[in-house]
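Q: What follows is the residue order along each chain.
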Amino acid sequence: MSEKIHILCVEDEPDVLDVIVRELSVLEDVFPVESAASSDEAREVLADIEAEGGSVGVIFCDHIMPGENGVEFLVSLRKTEQYRDTRKVLLTGQAGLDATVKAVNEAGLAHYIAKPWDADELVLVAREQLSRYVAARKLNPLPYLKHLVMDLVGDTLRDSLKSDR
Amino acid sequence: MATTRKFQVGFFSKKSMGLVLGLGALLVMPFLSLPDLSPAGHVALGIFVMASVFWILEPIPIYATSMGVILAQVLLLSDQNLIKPWWDAQYEGGYQPPAYTDFYNTLANPIIILFLGGFSLAAAAEKYALDRNLTRIMLKPFGQRPANVALGVMMVTGVLSAFMSNTATTAMMMTVAIPIVARVPVDDPFRRLVALSIPVGANIGGIATPIGTPPNAVALAALARQGTLVPFSTWMLLATPLVVVTLLLSWWGMCRMFPPGIRTFTLTIDSKFQRSSKAICCYLIFALTVGLWVTEKLHGIPSGVVAFIPVVLLPALGVLDKKEIRGFSWEVLWLVAGGISLGLSLRQTGLAEWMISRVSWENFSTTGLVVLFGLVGFAVANLVSHTVSATILVPIAIALVLPQAGGDTAALIIPIAIIGIIVSYSMILPISTPPNAIALSTGLIETRDLAKAGWLVGILGFVFTVLFGLLLWPLLL
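Respectively, the protein sequence lines represent chains G and D. Position one of the first sequence corresponds to residue 1224 (the numbering used here), numbered consecutively onward. Position one of the second sequence corresponds to residue 32 (the numbering used here), numbered consecutively onward.
With the rest of the complex left out, here is chain D (with noise of 0.2 Å):
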């Protein structure tokens, strides 16, 4: 309780800090005159600095920073601004803006209705107990032995998180594996290794596909914007390679570092297929939309198009009502548009170009840049949100690949899905992830313990996706 309440009187100082820094930047950003830099990009790097303050010390909710990016571009840059004698004074021949609308539409992105489709899922699949019942057969074959009962709940956890939020996926398993663990002796470290294996198998299962957690979303909104569009299956068939070694080899460093001393132990689950009318329904709509989101490249029809199906059949069918869809987590979709959002300006303002002009960077390398931006990345996502982390990089990581890619497709996608993915991996602190959060709190495990793990896990991650991004994702695409 005592760290808790240091960390809170920091919070206070962090907060007024945020805002001041926030706000001053959005006021005198417009006033500077940058070199080569237009004045509506000016306006623009006011409102990216002031996101990034915001998002970064969070005087306001990360989501609401989101949503006032949406904002301040609407009444600030768009064709319906309220500054209009001020751009009549910085252009000649008058400011050209983009329509309002363009900055609303991010609401409705196909990733973001990609995400909502997701969401849908989730909650039936949650309403109708189909996770836990999944749970309990994908563990069977893991059978008794401490170390593969470890295995198995990470593998579980991964594959949950991979279709459901990382957190409610958490929620869930510590659910169900808490009380059983809590039963094994206070000081077998079999009781971290299980309490362990939970965060770090649905933080790494989360980048499996792309609605498995918002950094996949901001990586495949950025690309699209640049007319690249990922399939579904595309993105598993190079993420799934990845999540899979970086899982063993967690679990096979976590079980040295956390060596069960107990000899076997069983993960009993009670539950049972529920089979009401509705239901059946739900393990329909869930598989059908999985089906076509992984055959996304057989019948062609994206997976942005193919995630409406379930937001629309399962409250037609009555397996979602009102409560539930009340229930999504619409401040995540916020949180996601505003970065497209202001990815949008960051372009067309020639921001990012500029702010790439800074730095001579024909000196570095596709892969120096990967390496650079995955470690900021790295260290970035570790101690603030994984969302605004990618938020922040991938709109400058993509003006600066954009050119050494040309036309090849490839050659985009490559270094920024390697960098939306890196962030995944960062998972050392508490305030990290929060299925860390969740972990923590049990009492099961302490923050050392945590950090251990999260490193491993980190250099693991990054060595990986570095290499899989360099080496066999070229052969993949």
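In isolation and in its complexed conformation, chain G is listed as follows (with noise of 0.2 Å):
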């Protein structure tokens, strides 16, 4: 059985959470979407997650939540080993100059999203970076190549079934 890879969305406020959650649910045949309403929710998401064998490709993250900032939380998973591969998307609209400069430098973030964004925008950043997930992990990509961007994982499909049988 191919590893789940999961897509994490974590936001404070409901409303929103749901539609994020809801635009991405067009993916979720192939990529199950998680949410969680802060940092520490999320962390039990991936605990979660991790225990049922699965793994993390994208996390889409607020940046001003109650407790630990979503910066915080993208810089705390970059130390991580197991969430250094998964791409790291901020999707805000209030980050100032300072909290993205520590977001890229320090979270090695993949992606900015400005509120109020476009679902089909949301859609493809997510396929994108799914795409670049499976691609630097080197896993196999045909058991989710159905939402995955074909240039990005080319070559990977090619190294990994180049041989005929």
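Just so you know, the hints here were simulated from the structure itself, not pulled from any lab data. Every residue gets a Cβ at the ideal spot worked out from N, C-alpha and C, and that includes glycine. Treat the hints with caution; some may be incorrect.
FRET-style restraints, in silico, Cβ to Cβ [to be verified]:
id, chain 1, residue 1, chain 2, residue 2, range
1, D, ARG479, G, GLU1267, 38 to 44 Å
2, G, ARG1360, D, GLY399, 49 to 55 Å
3, G, GLY1277, D, ALA95, 25 to 31 Å
4, D, PRO92, G, VAL1324, 32 to 38 Å
If the Cβ cut is set under 7 Å, some of the chain G residues that face chain D in the computed set are [claimed, not checked]:
id, residue
5, ARG1307
6, ASP1308
7, LEU1345
8, LEU1365
9, LEU1368
10, LYS1369
11, MET1373
12, GLY1377
13, ARG1381
14, LEU1384
15, LYS1385
16, SER1386
Using the hints, put the two standalone chains together into the complex.
A: Here it is as structure tokens:
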């Protein structure tokens, strides 16, 4: 069985979180979409996913949240071995320059989506980042191919199954 | 996802069953006393049954089984065997085992070297995007009518997969075509037509040259073992007309099954021929090698000798480096070598003749034989690896046709080539070939679309291979 790659959305406002999850649900037949209202809850979700042997391909994270803010959370993930390859996307209207710089330099931020965003844009960013995740991990792209961006996984696809049988 | 899971659960029970049956056969066979079969034949039969069960049920990867076959032969049947007391008890005058190096040597069989040459060319072509650029150039004349674009995709895929692996060609073509095809409206059958034309082109195109796909190697190696060396150009002369006809008819049929809705379609490929000196070396060596292969009859240098030129030149000139050499599909070479090695023992121990003597084949004409083996090969190859299907069937078939052929090489080549080729037309199920699996994974087609195209290709392939083989090939050989 191929590894389950999850999408994790972290956002403290329930209405906004709902919208994100709904918009990303078009990918759910391949990539299960998980949600969390805070970084603490996000860590619980991550632990559950790990316990099931799954991984997280991309995290969409709000910046301003009660408790630990989004950028701090992403920086802490970057320092954890199993989430180093996980693609980190900041989805916010409120991150100032300092926070953004920190996110890029210390959390390895992959993408920045400013609020308000467009549903198609969100899905495309998710597909691109998941493709880069699959390529970075050198996973066999076949089980996920339906939602991946071909140009980004072409080489990985060829390398992982180049031979006839 | 649900279907994948079900398959996985079934796979586990299949796995343990395969292990028990395979190892059981290996242990039990030597202690049976089958009439007219030599003791060594019993051991070889045990290895043959174990290998077949392992290849079909896959408790371990198919290439690991092939390597295991060589190990089993060295440990049980060779002059370095570990069961000497047992052999002494079996044979009064002492067992005359073959040298263990005979089995290891199959890893350097000229057919294996031929494939190695193909791998090095393919790696260089991929590295310098020669495959993409050739695709761009070759697609141009097909214009913008959707049906013609599909024909172009099929033909180009076919040409490339004649020299590269079917799987790598499919992966490359999918990368090129899918993002553009995905813009076509979802309900337009043209999406499915293109997504299917790639695996169809790849599977059929692989037939065209000896290096196109491993089953060809299995057939050629079996013929070589009988002293019948088939030149590269002769194989192409036989296979290419067949490939062209079946590709065209498959395209025609698929256009009826999936009639394009849109009026025009432009497949743009964004790439340029690279001009670096290494890239140019790559083009020249590619052209030189293929040129020498197809003119084998003129200069007489065997294709297995020519194949070692790119293996040496490409790294020597820095066109390929260590990384790419490590990236060759070495497991395919082992897969084929294991089959060749098994064929050695089948013949040497008299097992092949013994198997055939169990059935009264006098009632079968060559046509009957070819049809029977073709049907079995087609059925099996849809379910298990094409190479494995050919590996199990070809040694038996060759022992059968050998007495009928007498000294006539054409009468030996034709039935074996037919059987080796028919397996490549097996592509009904997603598991039949890796190109099928790739096509299905794009989400553009469903399993039943694949089955429809697969049946069409299979029937066309079977009928035309037998027709060409029996009617046209005798005139060409």
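Q: Now tell me if each hint is right for this structure.
A: Going down the list of hints, with the structure as the test:
1. In this structure, D:ARG479 and G:GLU1267 meet the distance hint of 38 to 44 Å, their C-beta atoms being roughly 42 Å apart.
2. Judged by the Cβ atoms, the range 49 to 55 Å given for G:ARG1360 and D:GLY399 holds: they are separated by roughly 53 Å.
3. Between G:GLY1277 and D:ALA95 the Cβ separation comes to about 28 Å, which falls inside the hinted range of 25 to 31 Å.
4. A C-beta distance of roughly 48 Å is found between D:PRO92 and G:VAL1324, which places it outside the suggested range of 32 to 38 Å.
5. Interface hint at G:ARG1307: violated, since its Cβ lies 23 Å from the closest Cβ of chain D, which is beyond the 7 Å cut-off.
6. Using the Cβ-Cβ criterion of 7 Å, the hint placing G:ASP1308 at the interface with chain D is not satisfied: the shortest such distance is roughly 21 Å.
7. Interface restraint check: G:LEU1345 against chain D, minimum CB-CB distance 18 Å, threshold 7 Å, status violated.
8. For G:LEU1365, the suggested interface contact is upheld, since its CB lies about 5 Å from the closest CB of chain D, less than 7 Å.
9. Satisfaction of the interface hint for G:LEU1368 is found here, the shortest Cβ-Cβ separation to chain D being roughly 4 Å, below the 7 Å cut-off.
10. Hint status for G:LYS1369: holds, given a least beta-carbon distance of 3 Å to chain D, under 7 Å.
11. Evaluation of the G:MET1373 hint against chain D yields a held restraint, the C-beta minimum of about 5 Å falling below 7 Å.
12. Given the 7 Å rule on beta carbons, the hint for G:GLY1377 holds: about 3 Å separates it from the nearest Cβ of chain D.
13. Interface restraint check: G:ARG1381 against chain D, minimum CB-CB distance 4 Å, threshold 7 Å, status holds.
14. About 5 Å separates the beta-carbon of G:LEU1384 from the nearest beta-carbon of chain D, less than 7 Å, and the hint is met.
15. Given hint, G:LYS1385 at the interface with chain D, holds; its Cβ is 4 Å from that chain's nearest Cβ, closer than 7 Å.
16. Among the interface hints, the one on G:SER1386 holds; its C-beta lies about 3 Å from the nearest C-beta in chain D, closer than the 7 Å criterion.
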